[in-house]
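Residue strings, one per chain:
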Amino acid sequence: MELVVNQKRYRLVVDPARMLLWVLRDELELTGTKYGCGEGQCGACTVLIEGAPVRSCITLASAAAGKEITTIEGLAQDGKLHPLQEAFIQADALQCGYCTPGMILSSVGLLKKTPQPSEPEIRRALHGNVCRCGTYPRIIAAVQSAAVQMAAGQNSGAPHA
Amino acid sequence: MPEIELERYELLEGPAYRFEPERSGFELERRDFFKFLGGGLVLLLALDGAASAQESGRGPAMRGDARPPELAAWLHIGEDGAITVYTGKVEVGQNIRTSLAQAVAEELRAPIGSVQFVMADTDLTPYDMGTFGSRSTPLMAPQMKKVGAAAREALIDLAADKWKVERTSVSLAGGKVQNNASGESIGFGELTRGQKLMKTVDGAAVTPAADWKLEGTSAPKVNARDMVTGAHRYTSDLVRPNMLHGRVLRPTAFKAKLTSFDAKEAGQMQDVLVVRDGDFVGAVAPDEVTLSKAIAAIKTEWSADPQPSNKELFAYLKEHPTAQRGGGEGPAAGAPAHGNIEQGLQAADHKLDATYTVEYIAHVPLEPRAAVAEWNEGKLTVWTGTQRPWGVKSDLVEAFKIPEDRVRVIVPDTGSAYGGKHTGEAAIEAARLAKAANRPVKLIWTREEEFTWAYFRPAGVIDIRSGVTKDGLITAWQLDNYNSGPSAIETPYDIANHASQFHAADTPLRQGSYRGLAATANHFARESHMDDLAAAVGMDPLEFRLKNMKNPRLRAVLQAAADKFAWGKANSEPNRGVGLACGVEKGGYVATCVEISIVASDFLGAEVAPAPPKVRIDRVVTAFECGAVVNPEHLRNQIDGSVMMAIGGALFEAVEFANGRILNPRLAQYRVPRFSDLPVIETVLVDRKDLPSAGAGETPIVGLAPAVGNAIFHATGTRIRSLPMAPKGIETTLVSTARA
Numbered sequence: 001m002e003l004v005v006n007q008k009r010y011r012l013v014v015d016p017a018r019m020l021l022w023v024l025r026d027e028l029e030l031t032g033t034k035y036g037c038g039e040g041q042c043g044a045c046t047v048l049i050e051g052a053p054v055r056s057c058i059t060l061a062s063a064a065a066g067k068e069i070t071t072i073e074g075l076a077q078d079g080k081l082h083p084l085q086e087a088f089i090q091a092d093a094l095q096c097g098y099c100t101p102g103m104i105l106s107s108v109g110l111l112k113k114t115p116q117p118s119e120p121e122i123r124r125a126l127h128g129n130v131c132r133c134g135t136y137p138r139i140i141a142a143v144q145s146a147a148v149q150m151a152a153g154q155n156s157g158a159p160h161a
Numbered sequence: 001m002p003e004i005e006l007e008r009y010e011l012l013e014g015p016a017y018r019f020e021p022e023r024s025g026f027e028l029e030r031r032d033f034f035k036f037l038g039g040g041l042v043l044l045l046a047l048d049g050a051a052s053a054q055e056s057g058r059g060p061a062m063r064g065d066a067r068p069p070e071l072a073a074w075l076h077i078g079e080d081g082a083i084t085v086y087t088g089k090v091e092v093g094q095n096i097r098t099s100l101a102q103a104v105a106e107e108l109r110a111p112i113g114s115v116q117f118v119m120a121d122t123d124l125t126p127y128d129m130g131t132f133g134s135r136s137t138p139l140m141a142p143q144m145k146k147v148g149a150a151a152r153e154a155l156i157d158l159a160a161d162k163w164k165v166e167r168t169s170v171s172l173a174g175g176k177v178q179n180n181a182s183g184e185s186i187g188f189g190e191l192t193r194g195q196k197l198m199k200t201v202d203g204a205a206v207t208p209a210a211d212w213k214l215e216g217t218s219a220p221k222v223n224a225r226d227m228v229t230g231a232h233r234y235t236s237d238l239v240r241p242n243m244l245h246g247r248v249l250r251p252t253a254f255k256a257k258l259t260s261f262d263a264k265e266a267g268q269m270q271d272v273l274v275v276r277d278g279d280f281v282g283a284v285a286p287d288e289v290t291l292s293k294a295i296a297a298i299k300t301e302w303s304a305d306p307q308p309s310n311k312e313l314f315a316y317l318k319e320h321p322t323a324q325r326g327g328g329e330g331p332a333a334g335a336p337a338h339g340n341i342e343q344g345l346q347a348a349d350h351k352l353d354a355t356y357t358v359e360y361i362a363h364v365p366l367e368p369r370a371a372v373a374e375w376n377e378g379k380l381t382v383w384t385g386t387q388r389p390w391g392v393k394s395d396l397v398e399a400f401k402i403p404e405d406r407v408r409v410i411v412p413d414t415g416s417a418y419g420g421k422h423t424g425e426a427a428i429e430a431a432r433l434a435k436a437a438n439r440p441v442k443l444i445w446t447r448e449e450e451f452t453w454a455y456f457r458p459a460g461v462i463d464i465r466s467g468v469t470k471d472g473l474i475t476a477w478q479l480d481n482y483n484s485g486p487s488a489i490e491t492p493y494d495i496a497n498h499a500s501q502f503h504a505a506d507t508p509l510r511q512g513s514y515r516g517l518a519a520t521a522n523h524f525a526r527e528s529h530m531d532d533l534a535a536a537v538g539m540d541p542l543e544f545r546l547k548n549m550k551n552p553r554l555r556a557v558l559q560a561a562a563d564k565f566a567w568g569k570a571n572s573e574p575n576r577g578v579g580l581a582c583g584v585e586k587g588g589y590v591a592t593c594v595e596i597s598i599v600a601s602d603f604l605g606a607e608v609a610p611a612p613p614k615v616r617i618d619r620v621v622t623a624f625e626c627g628a629v630v631n632p633e634h635l636r637n638q639i640d641g642s643v644m645m646a647i648g649g650a651l652f653e654a655v656e657f658a659n660g661r662i663l664n665p666r667l668a669q670y671r672v673p674r675f676s677d678l679p680v681i682e683t684v685l686v687d688r689k690d691l692p693s694a695g696a697g698e699t700p701i702v703g704l705a706p707a708v709g710n711a712i713f714h715a716t717g718t719r720i721r722s723l724p725m726a727p728k729g730i731e732t733t734l735v736s737t738a739r740a
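Protein sequences appear in the order of chains A and B.
So the first sequence is numbered by the numbering used here: it starts at 1 and just counts up by one.
So the second sequence is numbered by the numbering used here: it starts at 1 and just counts up by one.
Among the clues, some could well be false.
Ranges between beta-carbon positions, derived for each pair [as the list claims (entries may be wrong)]:
1) B:S292 with A:A63: 17 to 27 angstroms
2) A:Q154 with B:A566: 51 to 61 angstroms
3) B:N571 with A:V148: 51 to 61 angstroms
4) B:R619 with A:Q116: 23 to 33 angstroms
5) A:E119 with B:A231: 22 to 32 angstroms
6) B:K196 with A:H127: 54 to 64 angstroms
7) B:E312 with A:Q116: 49 to 59 angstroms
8) B:A566 with A:H127: 55 to 65 angstroms
9) B:R666 with A:A63: 38 to 48 angstroms
10) B:A231 with A:A63: 53 to 63 angstroms
Some chain B residues close to chain A (C-beta under 10 angstroms, calculated; not the full set) [what the hints assert, rightly or not]:
11) T168
12) S171
13) G175
14) A535
If you're looking for bench data, these hints aren't it; they were derived computationally from the structure.
Glycine included, each C-beta is placed from N, C-alpha and C at the ideal position.
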């Protein structure tokens, strides 16, 4: 099968029963996508498929074949962090950091659909992502701050808009 | 031994497995301590008499080791100017990699980014008992400051020699050494180049909190960039050449014995190796799907004795006392009795007997237990996420019966722990499979294994008998805690007649440390009871507490929380309630005020029967004092985290079990706090620059549950005495606010 991950094409021969999470992690060594529960309950394994957040632990790799997959490793461009990555650092929106890739990708998906989300919209969009360290208030602050940054970036024509 | 709390039961266990020994054909290699440090300046922090009561730098793991013994930490300034500090502590999200770097950078007058930490590697860093109990900040940070200060003085010596000037005309600033007279400056690396200078720390003066420039500020997490880009490799992300994946076949129940084993079919699968050693059964395979098929193909039968279930848990704990664990070495199991309880009760106008219960709960670290193990010419290296690298090393030594210096444990910054990663099961399992496969093996526990085969926060029963005069003076207080644990068992109130006692019990489930230990259970019982006493005499809960409490630090946080919350100022509204609680633990003082609503179920879809109302926590105000604050933002972040974690245990988390099996071992069945549970969180930091810093990752968790219980009582008149309080909503009737 062919996987398109972070704009790179990979030809792979894998068991059709394998989930995308493990193919990304173990075949492509893209380990930023995390295992947390294996049943789509915690969001640590979130990736974007065609720009929409998807739980890679319950998505067959074959179902994602040929589609555009973005993992956390593909978010920064030329060493420049995505505004959400920057905002998570600035807002201290992480402790152990294990949920962070999934949180950020779910947030990217949200801001793509809803560039200026209200707080309830952020809560709803991220409800499927667990941060056991409890940094939720900081994650909301980070998403709000990134939304402002991205809106400003769009006006000035900067990337990531 | 340093004082370890009694309820850290997992520390008293032996390794999870013991295997047949294999003769080692290798000589003990004595590693050259300096080989890996290279040239430059080395500062060794030796343990002095006072420090010998501390936990780092010594211990049984030092035997057979070539390092100079009795060291707590060391710091190296390389010829390239790189500052590297070696500590046995681990980073699990509590941000000590950042706060300890702040401590060293402060003393070296250098930017925080110039200080690197090598943490928790049993070959490279000094022994450490473990990262738990909120000890890193009070115990390790002062040591780091001493090392940093000594390095500063040594650099001043070197510069004074070089420039032929008095030491007093040399100073450090901005990561450089400067000659105050000439204005000349020189980098640390230039000064240490060509040196092989080793010094022992000798009590150089550390910077007092009042003069802190870097400490006391909110430095961002030092390796945050690696985490937001996915570059950081947790244990579960590591890859070794030729690595295989491993898994253990779990018994059908706790304490089960293997009675039948047939691996014929699994053993014939391509690229699969099945391993059996006593009751240990596992397999390795090149990928997770093959591994699952192999495990499923192994036929086993197990036998286990009947075991208790949730339904009988609390009666069981009271009916099955055991001797104190840990023999005579542990701390006293309760506060010594003062006065005479019976006389105190006789002097009371109101008496109250009540029983409180606490269910087992799970840590649910988002990164499950994991390990990568590799055998290389008889030497075992294991990467694993543990809070006790040397404890795990000892477990491996014991499990495989190999010499200490043939085992190395390395702990990458780990995906959280909360007291749940003190043991080394995954490390031993991966090592056993790697030994059989003769290739590196990675083993990541599934979420279900994490929910089942780890250990839990102890369940418990707490009985309180008390008496109070009609003008609100508590005259008698007796607390008996069955199984939960003795942490924070003693009342912080001033009561003439009081006794608090812990009673160890036989536990149906494996139990151990959890953030805050039993301080949560003891505070839940005590502070709920305090509220009932206040109600009995018709006093305001705040006023009642202040009347019975002299401790100025506790009074200060209680008053600070109440002020911020505007306690007593809100009008009461139907279906809403406010509550407060306060307490002391691990040198930290906390007060929590909450506001809650009783809301109709937000249950979606068709309702067959009306769902019971739910408790929604709207606002939480925490006032916290832990001495001098090292990093205010990270402290606030820890308090946010404690509040969120506490919500789960307060309202809905409980491990359900029956007959040796866990009945809700999945995140779909065991609810943890999510965005929808997030209240408005406000924090007041009471910064006491005049007091030593205490650890802060745990204590802010203790006040939430009782404050919420008190708010439920305020809203509904119903007192809930069991944790969790509202797993499926609460039994009350919503007050109708609709007016015709």
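Which hints from the list above does the structure break, by number from lowest to highest? 2, 3, 8, 9, 10, 11, 12, 13, 14
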